[in-house]
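Chains as they are written, first to last, in my numbering: chain A, 1 to 366; chain B, 367 to 557; chain C, 558 to 708.
Treat the hints with care, since some could be wrong.
Here are a few chain A residues that face chain C, going by a calculated C-beta distance under 7 Å [stated by the list, open to error]:
#1 Q58
#2 P61
#3 N142
#4 G146
#5 A147
#6 F152
#7 E186
#8 L188
#9 E193
#10 A197
Derived pair list, reagent style SDA-like, types lysine to any residue, alpha-carbon separation capped at 25 Å [what the hints assert, rightly or not]:
#11 A:K231 with B:T505
#12 B:K548 with C:K574
#13 B:K491 with B:T505
#14 A:K49 with C:D674
#15 A:K200 with A:K49
#16 C:K574 with A:M136
If you're looking for bench data, these hints aren't it; they were derived computationally from the structure. C-beta: ideal position from N, C-alpha, C; glycine also.
The primary structure of each chain is shown beneath.
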Amino acid sequence: MIRTEELLLNVGPQHPSTHGVFRIIVKLDGEVITEATPVIGYLHRGTEKLAENLTYTQVIPYTDRMDYVSAMTNNYVLCHAVETLMDLEIPERAEFLRLIVMELQRIASHLVWWGTYLLDIGAMSPFLYAFREREMIVNMFNELCGARLTYFYMRVGGVKWDAPEGWIDKVRDFIPYMREKLDEYEQLVSGNEIFLARVKGVGTYDAQSAIDFGLSGANLRSTGVKFDLRKDQPYSIYDRFDFDVPVQTAGDCYARYLVRFEEIKQSLRILEQAVEQFPEDGQIMAKVPRVIRPPEGEVYTRIESPRGEIGCHIVSKKKPQPYRLKFRRPSFVNLQILPKLLVGETMTNLVTILGGIDIVLGEVDG
Amino acid sequence: MSDQKQVTEMDPKESKKNIENIEEEVTEEPSPNQDRLDRIVELIKTNIAEDAIEVAFINELDRDLPCIVIRSPYWVKTAMLLKESELLKLNYLRNVSGIDFETHFEVVYYLLSMSTGNQLDVCIKVKADRENPSIPSITSVWNTANWNEREIYDLLGVQFPGHPNLKRIMMPDDWEGHPLRKDYEPIDPEV
Amino acid sequence: MKGIVKGMGVTLKNLTKKKVTHQYPDVPLEMPDRFRGVQHFDPEKCIVCNQCMNICPTDCIDLIGKKNPDPEKKGKVIDTYDINFEICILCDLCTEVCPTEAIVMTNNFELATYSRDDLFKNMEWLNDNNTNVRKENSINIPPKKAKKEEK
């Protein structure tokens, strides 16, 4: 018998596999984790506190920096919350532009996840493929709103820029191109035996604990719960489009991989329809007073971001600044289940499971 | 300069609008969710206590969301009931926010049912006094509340008795004060 | 093994394709017109309305106006204008509110320096930064005001 001693191992906060400044302290018995304690807050910038002294328009660029991999959805959730409070009607063209950028963003975000996840578990080249395609989306965004990561594209009541000439055609051309590339990805990775051995049956949880821990997005849908806010509590103009909500039942890392992969395909489907129905012309901004003062009251809006349900809770006192602004950050909520999943797993699986949850630390720490 | 001008021009319009709104509310039919709210209120009153509910109302601004303010001593029991009862099955806690109202604290819970199929939200509020704020923890009911309560404790200083591990989560462990309080003064303003 | 061989096939197919990488910084990177780069400031256009300073979400703009030296003209002229690029997030709000397009975005984005002090840019520097100025700026000026300027 070999006697092993308990070992306390500190992973992070600076570690390539933690996707940011995330620290986790694990107790190891040999190779097996017996206890895991996540430590977060290294990237806490106090967005909610800062927002109390800023006007609603000024807060929007701060939301860009929360989930910096999918800034468009963050922009939208805040604008949507203020618009709900003010009962604003958004022009058709602006809604379409918003929807198109949000779906492009979902694809871009999932591509980042796909590339980095495979990088985490040892496959170098998929990362380069994923970023090649993401670069095209980022370039499109750059043309549209003048930034590659922190877009600050949406405003309360509409969007800042109209689509430049030929931009919609670029999106149209991108759809078949991306479909072709997805087939390539599937050939490259989805059947790979090493990959399957690393992800199948790892980090499994059932639907009940997923609901109990408040998971959302692909993390929830991988357990068989068919819940997608775009379908179940539609916002924007999602109810006009025909798309499926991908669901898997296994609840392991492989199921989450499949759900996200399928979501890219569904986003392409939405994009295809949106580009076809895109209105010829029209306003891109609703009539909004220059100083935005939503009526006194409270509102909670939620939308489906690539990582799950992102929500925005505003308490307004009829001032240009929010009295209290709280974001329900999907990565923060999803991360809670991690210690539970890690117990009994080996050290190598820590990376697989953490990557599978898909967190962005800017969002975890707010 | 021109900003201020705009404001004065706008204000009378807005206040007019508000008056209209109030008038509308009076004549308006009861909200479609009124029924649902009444049923929940009835359920809590019969199963928990007559005075468990402080007030119940419909939040028209937020898509007619049913809101119920629960008195904090009854909160854990009520939470259990909301989760377990056949009628509601509110098994998904989607968001917890803490608000400092200067006169009191308020913790707002947004609940949803994943199993009954009629995915309608319910909003529950629990109040705590300003001097020594404390609200019973519901981590044992919904695990989601765990980190959310820690965050509220960290940033607002609301105590959650019954929480398994009520430590600071965002700020360093030796941080002084609770930053999201309205009267928070940083010790070192440079930080 | 089958899956791995399939994957290798994709790799081989991509080997023969054209390169997609860009040899930056040897080959300069061209940004689209709307790109939000370091601002260009034109002191002659500025009317010291303070709107850019008020709207800035990070308070990175500092400006001081003075009386117009020409006694016949009313209003103020700009005296000092500084942007601190340590905290500027290039969000575009200052150019959005500027009624006279005195401050506009350019496509220049290379700000890296060896010292933080160099990131503090004054009026002179911002005025000299006049290459690649963004063309599409008047989009948020209400049509009335835009017409006035043309006159």
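(message) Of all the hints numbered above, which does this structure not satisfy? Sort the numbers upward.
(response) Violated: hints 7, 10, 11, 12, 14 and 15.
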